[in-house]
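J.: Assemble chain B onto chain A, guided by the hints.
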Amino acid sequence: MKVLVTVKRVIDYNVKVRVKSDNTDVDLANVKMALNPFCEIAVEEAVRLKEKGNATEIVVVSIGPKVCQEQIRTSLALGADRGVLIETDAAPESLSVAKLLAKVVEEEKPDLIIMGKQAIDTDNNQTGQMLAALLDMPQGTFASEVKVEDNSVSVTREVDGGLQTVALNLPAIVTTDLRLNEPRYASLPNIMKAKRKPLAVKTPADLGVEVKEHTKVLKVVPPAERQAGIKVASVDELVDKLKNEAKVV
Amino acid sequence: MTILVIAEHDNSSLKGATLNAVTAATQMGDELHLLVAGSNCGAAAEAAAQVAGVSKVLVADAAAYEHQLAENVSKLIVELADNYSHIVAPATTNGKNYMPRVAALLDVAQLSDITAVESADTFQRPIYAGNAIATVQSLDSVKVITVRGTAFDAAAAEGGSATVEALDSEQDAGNSRFVSEEMAKSDRPELTAADVVISGGRGMGNGENFAMLETLADKLGAAVGASRAAVDAGFVPNDMQVGQTGKIVAPNLYIAVGISGAIQHLAGMKDSKIIVAINKDEEAPIFSVADYGLVADLFEAVPELEQKI
Chain A
4 MKVLVTVKRV IDYNVKVRVK SDNTDVDLAN VKMALNPFCE IAVEEAVRLK
54 EKGNATEIVV VSIGPKVCQE QIRTSLALGA DRGVLIETDA APESLSVAKL
104 LAKVVEEEKP DLIIMGKQAI DTDNNQTGQM LAALLDMPQG TFASEVKVED
154 NSVSVTREVD GGLQTVALNL PAIVTTDLRL NEPRYASLPN IMKAKRKPLA
204 VKTPADLGVE VKEHTKVLKV VPPAERQAGI KVASVDELVD KLKNEAKVV
Chain B
50 MTILVIAEHD NSSLKGATLN AVTAATQMGD ELHLLVAGSN CGAAAEAAAQ
100 VAGVSKVLVA DAAAYEHQLA ENVSKLIVEL ADNYSHIVAP ATTNGKNYMP
150 RVAALLDVAQ LSDITAVESA DTFQRPIYAG NAIATVQSLD SVKVITVRGT
200 AFDAAAAEGG SATVEALDSE QDAGNSRFVS EEMAKSDRPE LTAADVVISG
250 GRGMGNGENF AMLETLADKL GAAVGASRAA VDAGFVPNDM QVGQTGKIVA
300 PNLYIAVGIS GAIQHLAGMK DSKIIVAINK DEEAPIFSVA DYGLVADLFE
350 AVPELEQKI
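Heads up: the sequence lines are chains A and B, in that order. Positions in the first sequence are counted from 1; adding 3 to them yields my numbering. Positions in the second sequence are counted from 1; adding 49 to them yields my numbering.
Calculated from the structure, these hints are not laboratory results. Keep in mind it's a predicted model, so treat the numbers as computed, not measured. For glycine and all other residues, C-beta sits at the position ideal for the given N, C-alpha and C. Among these hints, one or two may not hold up.
Stated by the list, open to error - Computed far set for chain A versus chain B, every beta-carbon distance over 12 Å: (1) M4; (2) K5; (3) D30; (4) K35; (5) R51; (6) K53; (7) K55; (8) N57; (9) V70; (10) R85; (11) T91; (12) A105; (13) F145; (14) R199; (15) K200; (16) T218.
Claimed, not checked - A few chain B residues facing chain A, derived, Cβ under 7 Å: (17) G102; (18) T141; (19) R150; (20) A153; (21) F227; (22) E231; (23) S309; (24) K319.
In isolation and in its complexed conformation, chain A is listed as follows (with noise of 0.2 Å):
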């Protein structure tokens, strides 16, 4: 079975956010990118799927520009076995980043697709959702388990108030969610070996994609402050001012 799992390079999660002063965006200059976490953890899944020996191949796919290389090779040292970069400047949306990767699905016919269920920059939570509905398959978004079984896979997924479990027929995409597993680190002579694995480059136009605007960015701003309150000296003070300051008790 061969496996496609998409990666985003991302602001890493650990960097504090600051919003340009023209309001135009946030600040990524000199900032520290890293692997989107959701993503690194499709990675993980994947490799997993091949220790088991349910996956034969791994392909990692991005999108973005020439330093996105760095966010694919990372994953090689994880375990994958080859890269495609659709190298591009434009931040493509949604939408777009679905339709390229159609394509690049139409090319390597992949049974399995695992993707991060959303990227921690735009937080928008549709990609994965979006290629399936273009190559019309079905998705197992939010995962917390998967088990390939024959022709069909069985995904729990992590919905309001409890789990789900729903069999898709192969070839489908699963999304990951946190508790699906734990990334490992790469290990030195992988991060080597990573570095002869083969990466394909790409450009939107190789593969017949226009690159669309259906949004437009007009203000980023940062979000409201909240003020601090007070400190209380004890569980009696606490009470009371929840009773008869704030009464919401």
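T.: Chain B in isolation, oriented as in the chain A frame:
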């Protein structure tokens, strides 16, 4: 402009998130239709017809829609899309599941998790875990939108008198199948709908200690949540997680116990009316957003609070 709102329901009742989405939708246009897609969902449809501000309820009652499978529900919504300027759903796990499919099939963008409506085509939404708020304009003819429930008041559940129209379409993609469901059994209110939420963090030490929060929650009629740190540590299941990657809550009273206050967590609860923080580390960032902070050992403070409140 007519707006289609997709109802969140469990076939027998309408979920609260629908009412918040209705309020958001009323700010986008004047006529509102509500779609109830389910199986044996007559009771949910009846409840939908009572919602103030809704003029028509469309009911698609078929086996294929029983579990809201995205493959099927998205095809149904696309069938109806021609009649609407906006298609709106609550940003619940169901809405997040089927709406991007709808957008892709219509070849339009989706605006996720909006928190304010500026005009019929311009909306605000949080990005970067709520560390920035983007104002985004849609350039598409049809706007596909999911709504963050806590950012909008609930519409009145009663007082409306919508007409009810049955749809006879059954879209079954045939490539996915519901297997089972395991819902957390609890007499407590749902996290996103509760008036009071008590959350525990890594400071709780282990899963068993959450019993202490549950006792307090039962006294206050509260829901129990957790920080991502507590979930990652395996203390409690993921569906209890409050934060950018978990549930977004905005109760009247939020009590954070043993939670340091990572940005990730604050993004999920900072719109609560009153925030109480109990933490033994007086430098914890949670105190910078708390209305009332108590620097104390939670294992002493929580039982005492439960006694005295």
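J.: All hints are to be evaluated individually against the structure, with a verdict given for each.
T.: To see whether the hints hold, each was checked on the structure:
1. Even its closest Cβ contact with chain B, about 17 Å, leaves M4/A beyond 12 Å, as expected for a residue assigned away from the interface.
2. At roughly 19 Å, the least C-beta separation between K5/A and chain B is larger than 12 Å, which holds for a residue marked as non-interface.
3. Residue placement check: D30/A does not keep its beta carbon more than 12 Å from all beta carbons of chain B (closest about 10 Å).
4. Remark: the non-interface label on K35/A is consistent with the geometry, its nearest Cβ contact in chain B lying 14 Å away (cut-off 12 Å).
5. Listed as a non-interface residue, R51/A keeps its Cβ farther than 12 Å from every Cβ of chain B; the least gap is roughly 18 Å.
6. No beta-carbon of chain B is positioned within 12 Å of the beta-carbon of K53/A; the least distance is around 24 Å.
7. The claim that K55/A is not at the interface with chain B holds, since no C-beta of that chain comes within 12 Å of its own (minimum 20 Å).
8. At roughly 19 Å from the closest C-beta of chain B, the C-beta of N57/A stays outside 12 Å, upholding its exclusion from the interface.
9. Distance check for V70/A against chain B: the nearest CB is about 19 Å away, which clears 12 Å, and the non-interface claim stands.
10. At roughly 27 Å, the least C-beta separation between R85/A and chain B is larger than 12 Å, which holds for a residue marked as non-interface.
11. Consistency note on T91/A: stated as away from chain B, and its beta-carbon is indeed over 12 Å from all of that chain's, at 18 Å minimum.
12. Residue-level check failed: A105/A sits 9 Å from the nearest beta carbon of chain B, not beyond 12 Å.
13. The claim that F145/A is not at the interface with chain B is violated, since a C-beta of that chain comes within 12 Å of its own (minimum 6 Å).
14. A cut-off of 12 Å between C-beta atoms confirms that R199/A is not in contact with chain B; the least separation is 34 Å.
15. Annotated as non-interface, K200/A keeps its C-beta farther than 12 Å from every C-beta of chain B; the closest such distance is 30 Å.
16. Annotated as non-interface, T218/A brings its C-beta within 12 Å of a C-beta of chain B; the closest such distance is 5 Å.
17. For G102/B, the shortest C-beta to C-beta distance to chain A is roughly 24 Å, which exceeds 7 Å, and the interface hint is violated.
18. Evaluation of the T141/B hint against chain A yields a held restraint, the C-beta minimum of about 5 Å falling below 7 Å.
19. Of the supplied interface hints, the one on R150/B holds, with its beta-carbon coming within about 4 Å of a beta-carbon of chain A, less than 7 Å.
20. Given hint, A153/B at the interface with chain A, holds; its Cβ is 4 Å from that chain's nearest Cβ, closer than 7 Å.
21. Of the supplied interface hints, the one on F227/B holds, with its beta-carbon coming within about 6 Å of a beta-carbon of chain A, less than 7 Å.
22. The interface hint given for E231/B is met, as the beta carbon of that residue sits about 5 Å from the closest beta carbon of chain A, less than 7 Å.
23. Look at S309/B: its Cβ only gets to about 14 Å from chain A, farther than 7 Å, so that hint breaks.
24. Because the closest C-beta pair between K319/B and chain A is about 5 Å apart, less than 7 Å, the hint holds.
Of the numbered hints stated above, those contradicted by the structure are hints 3, 12, 13, 16, 17 and 23, listed in ascending order.
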